[in-house]
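Trainee: These are the residues of each chain, in order.
2 protein chains.
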Amino acid sequence: MSFTKRIISIQKKSNSLLCVGLDTDQKKIPSHLQSKKSGMLEFNKQIINATKDFACAYKINFAFYEALGKEGWTIVEKTRASIPSSIITIADAKRGDIGNSSAYYANAILNEMGFDSITVAPYMGKDSVQPFLQWENKGVFLLALTSNEGALDFQYKKIGKKRLFEEVVAQSQQWTDKQNLGFVVGATKTKDIQSVRKLAPAAPFLVPGVGTQGGNIDDVIKYGCTNDGFGVVINASRSVLYASSGKDFADVAGKETERLKNEINSYRKKYFTAG
Amino acid sequence: MSFTKRIISIQKKSNSLLCVGLDTDQKKIPSHLQSKKSGMLEFNKQIINATKDFACAYKINFAFYEALGKEGWTIVEKTRASIPSSIITIADAKRGDIGNSSAYYANAILNEMGFDSITVAPYMGKDSVQPFLQWENKGVFLLALTSNEGALDFQYKKIGKKRLFEEVVAQSQQWTDKQNLGFVVGATKTKDIQSVRKLAPAAPFLVPGVGTQGGNIDDVIKYGCTNDGFGVVINASRSVLYASSGKDFADVAGKETERLKNEINSYRKKYFTAG
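Which chain is which? The protein sequence lines are A and B, in order.
Counting from 1, one number per residue, gives the positions in the first sequence under the numbering used here.
Counting from 1, one number per residue, gives the positions in the second sequence under the numbering used here.
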């Protein structure tokens with residue numbers, strides 16, 4: 001089954017478009033876990049256990065784990081292994097290099113570590129992205145329009161009639177025929193999600209920027225979903241992970257995840273009859 | 001001392017513009033080392049020992065080490081530690097994320113692991129790059145014009161009067177006043193090195209693509225050097241590391257490095273009286 005079909009399938013089964021972002025910051029986890037060597041892994045496992053019925057995906061932000069060196073690498077591996085296999089895993093690693101090097105990253109993260117997908121930067125073009133697209137059932141979320149302020153520096157620049165992010169979306173779709181290419185489209189740029197959806201009618205979108213960064217869920221659903229009300233994977237990280245700083249952190253994170261899932265679905269009902 | 005000044009200083013002391021790229025491929029190292037668990041690290045140490053008198057920098061390509069998971073991480077740390085502190089170390093990791101995440105990558109690679117510099121992707125703009133620029137004596141090589149075929153996909157696209165890579169170079173120089181920003185400019189795009197040099201008269205350039213990728217050293221020196229014949233860091237990886245596949249690999253790599261250093265210097269003499 002293609003990566004795109006796998007996402008839609010899990011979104012239908014779980015009735016959820018929500019992705020939980022495991023941007024786990026050792027300094028922000030509850031104090032009773034900070035002192036333990038295995039604290040970060042235990043935190044992740046409890047978060048996963050409390051949220052897995054409400055999520056279609058988990059995104060692991062590699063920056064937070066590389067900060068711990070080789071121990072961080074082990075935590076990534078063990079965290080990924082503790083995610084139920086039915087749920088999509090996203091390595092938020094933003095890799096991308098010349099083909100020879102990208103092939104190593106692709107093999108390490110998608111094959112050896114077993115992630116279902118990875119975020120990739122587009123600047124180096126086709127041969128830097130294609131090694132990540134070699135498996136039909138594994139996917140790429142290519143950076144198109146990011147949620148940060150710096151998105152304005154280059155992504156919005158006009159190239160002929162298109163803006164750079166639109167050029168990235170238009171060109172990159174020629175790089176694979178395996179239905180395994182999606183895009184990162186920030187929730188803070190809601191009107192422009194519509195432009196990306198027009199250029200890529202069926203591609204899955206990974207949408208960060210809801211929650212702490214202030215993105216609007218109503219607009220993300222209205223402008224981002226495919227015609228049947230699926231196809232956007234809305235990520236929430238900090239607002240879920242640190243909903244409580246006490247020993248009840250997992251319970252509270254579970255409740256916040258369920259609340260977010262239902263909020264997202266309320267907008268799906270508003271715009272899509274099938275929602 | 002600023003990162004840019006440190007590079008010029010080591011280039012003057014070593015009389016070398018050559019960087020040895022430790023793109024060490026476990027499957028390509030000599031067979032007597034392939035069978036040993038510590039083979040890759042031993043290979044790197046011997047290469048460093050044989051080439052250190054002819055190099056101004058070492059570049060460690062993270063892709064080849066991440067392929068080995070957490071063991072690879074340990075090899076990176078130990079390899080970096082075995083490079084003499086006078087020689088510039090470059091983490092070729094091509095990171096870049098929203099500011100919060102980039103700050104973690106920057107701390108992990110430049111601070112904890114102790115690299116002098118890192119390659120960073122520009123697509124996400126200012127706040128994704130600035131965390132890597134916080135230390136005056138540590139630097140960034142921002143991807144401008146890469147050596148691969150995919151460079152043609154976006155980097156050459158016209159934005160107003162500039163091409164994207166020129167826009168990246170022009171804008172990014174406003175992001176730091178610490179003289180610690182350099183650029184990656186592929187040796188396979190020699191005429192365009194001149195455009196980047198005009199936009200950034202004093203910035204250090206990391207120039208991959210000489211050797212296996214076929215870049216022309218004469219043109220790199222002619223168009224890339226600063227006015228006094230310094231400022232380009234010319235990387236060679238495969239042509240040095242695998243110059244011999246036998247037990248004499250380190251000796252042969254040393255000789256090839258010395259030959260390359262001298263070849264580079266012959267062009268410096270041709271174009272720069274101080275060379």
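Hints should not be assumed to be uniformly reliable.
[To be verified] Far from chain B, by Cβ distances over 12 angstroms, these chain A residues were calculated:
#: 1; residue: K37
#: 2; residue: E112
#: 3; residue: T119
#: 4; residue: A121
#: 5; residue: Q130
#: 6; residue: L143
#: 7; residue: R163
#: 8; residue: K178
#: 9; residue: G209
#: 10; residue: Q213
#: 11; residue: N262
#: 12; residue: E263
[Said to hold, decoys possible] Using 25 angstroms as the maximum straight-line C-alpha spacing, the simulated BS3-like pairs for lysine-lysine come out as follows:
#: 13; chain 1: B; residue 1: K157; chain 2: A; residue 2: K158
#: 14; chain 1: B; residue 1: K161; chain 2: A; residue 2: K157
#: 15; chain 1: B; residue 1: K70; chain 2: A; residue 2: K36
#: 16; chain 1: B; residue 1: K255; chain 2: A; residue 2: K70
#: 17; chain 1: B; residue 1: K157; chain 2: A; residue 2: K162
#: 18; chain 1: A; residue 1: K161; chain 2: B; residue 2: K27
#: 19; chain 1: B; residue 1: K157; chain 2: B; residue 2: K5
#: 20; chain 1: B; residue 1: K161; chain 2: B; residue 2: K27
#: 21; chain 1: B; residue 1: K255; chain 2: B; residue 2: K269
#: 22; chain 1: B; residue 1: K70; chain 2: A; residue 2: K70
#: 23; chain 1: A; residue 1: K178; chain 2: A; residue 2: K158
#: 24; chain 1: A; residue 1: K27; chain 2: B; residue 2: K247
In short, the hints are calculated from the structure, not lab data.
All residues carry an ideal CB built from backbone N, CA and C; glycine is no exception.
Trainee: Sort out whether K27/B lies within 25 angstroms of K161/A, counting only the CA atoms.
Mentor: 46 angstroms, violated
Trainee: Please check whether the beta-carbon of Q213/A is more than 12 angstroms away from every beta-carbon in chain B.
Mentor: Since the minimum Cβ distance to chain B is about 8 angstroms, Q213/A lies within 12 angstroms and the statement is violated.
Trainee: Is the Cα-Cα distance between K70/B and K36/A 25 angstroms or less?
Mentor: 21 angstroms, holds
Trainee: Once the closest CB in chain B is found, is it more than 12 angstroms from E263/A?
Mentor: 23 angstroms, holds
Trainee: Regarding the pair K157/B and K5/B, is the alpha-carbon distance no greater than 25 angstroms?
Mentor: Violated: K157/B and K5/B sit about 33 angstroms apart, past 25 angstroms.
Trainee: Test the statement that R163/A is away from the interface with chain B: the closest C-beta pair must be farther apart than 12 angstroms.
Mentor: Non-interface label on R163/A violated, nearest chain B Cβ at 10 angstroms vs cutoff 12 angstroms.
Trainee: For the pair supplied as a hint, K27/A and K247/B, is the alpha-carbon distance within the 25 angstroms limit?
Mentor: Distance of about 48 angstroms is beyond 25 angstroms: violated.
Trainee: Given the hinted pair K255/B and K269/B, is their alpha-carbon gap at most 25 angstroms?
Mentor: It holds: about 21 angstroms lies between the C-alpha atoms, which stays within 25 angstroms.
Trainee: Over 12 angstroms from every CB of chain B: does L143/A meet that, or does the non-interface label fail?
Mentor: 6 angstroms, violated
Trainee: Verify the proposed pairing of K157/B with K158/A, using a straight-line Cα cut of 25 angstroms.
Mentor: At roughly 10 angstroms apart (the allowed maximum being 25 angstroms), K158/A and K157/B satisfy the hint.
Trainee: Verify that the Cβ of A121/A lies farther than 12 angstroms from every Cβ atom of chain B, and report whether the claim holds or is violated.
Mentor: It is violated; A121/A is separated from chain B by about 5 angstroms at its closest Cβ, not greater than 12 angstroms.
Trainee: Taking 25 angstroms as the top limit, are the C-alpha atoms of K70/B and K70/A close enough?
Mentor: The given pair, whose Cα atoms are some 5 angstroms apart, holds under the 25 angstroms limit.
In summary, the numbered hints that this structure violates are 2, 3, 4, 5, 6, 7, 9, 10, 16, 18, 19, 20, 23 and 24.
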